[in-house]
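Build out the structure end to end from the sequences listed, making use of the hints.
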Amino acid sequence: MLSPQPSPSHRTAAPRPSARPVADTATGAGPTYCFSVQAAADPGMLPRVLELFAKRDLVPSRCHAVVTEPEREELLIDLQVTGLTPDEAEHIARSLRQLVFVASVLTCITDEQQRFERSA
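Under this note's numbering, think of the first position of the sequence shown as 1, with each following residue one higher.
There's no promise every hint is true.
Computed list of lysine to any residue pairs in SDA-like fashion (alpha-carbon distance at most 20 Å, straight line) [as the list claims (entries may be wrong)]: (1) Lys55 with Thr82; (2) Lys55 with Ala93; (3) Lys55 with Arg97; (4) Lys55 with Met45; (5) Lys55 with Pro86; (6) Lys55 with Gly44; (7) Lys55 with His91; (8) Lys55 with Asp87; (9) Lys55 with Leu99; (10) Lys55 with Glu90; (11) Lys55 with Thr85; (12) Lys55 with Cys34; (13) Lys55 with Gly83; (14) Lys55 with Asp78; (15) Lys55 with Gln98; (16) Lys55 with Thr110; (17) Lys55 with Arg94; (18) Lys55 with Val100; (19) Lys55 with Glu88; (20) Lys55 with Asp111; (21) Lys55 with Thr32; (22) Lys55 with Arg72.
If you are wondering where the hints come from, they were derived from the structure by calculation, not from laboratory data.
Following this line, the structure appears as structure tokens:
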């Protein structure tokens, strides 16, 4: 008698090697990548933007979206994400720029520890 094969939903994936930068153990801080997306106020825009992070197992540390007034035609989305490599950040920025209805994408990188020291 043949033993039953596990269904695809029961298979476990091999752990993926991580090429992500490790946070500084002394401060716990790592670089934060900021993305500012200007797009048409389309109901599907915010989920499409967040999907680019979710499919990489990333959760933005900050996410803010606002529809401009009074026309309510433009959506501004600001995100901050830690734990990215420079290549991943650049790839995500390119992917954001290719989304339908996206007018512009601005990016920057900050170091939370440096920002904290400057404000003190």
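Non-conforming hints, listed in increasing numerical order: Numbers 16, 20 and 22 - these are the hints that the structure violates, sorted from lowest upward.
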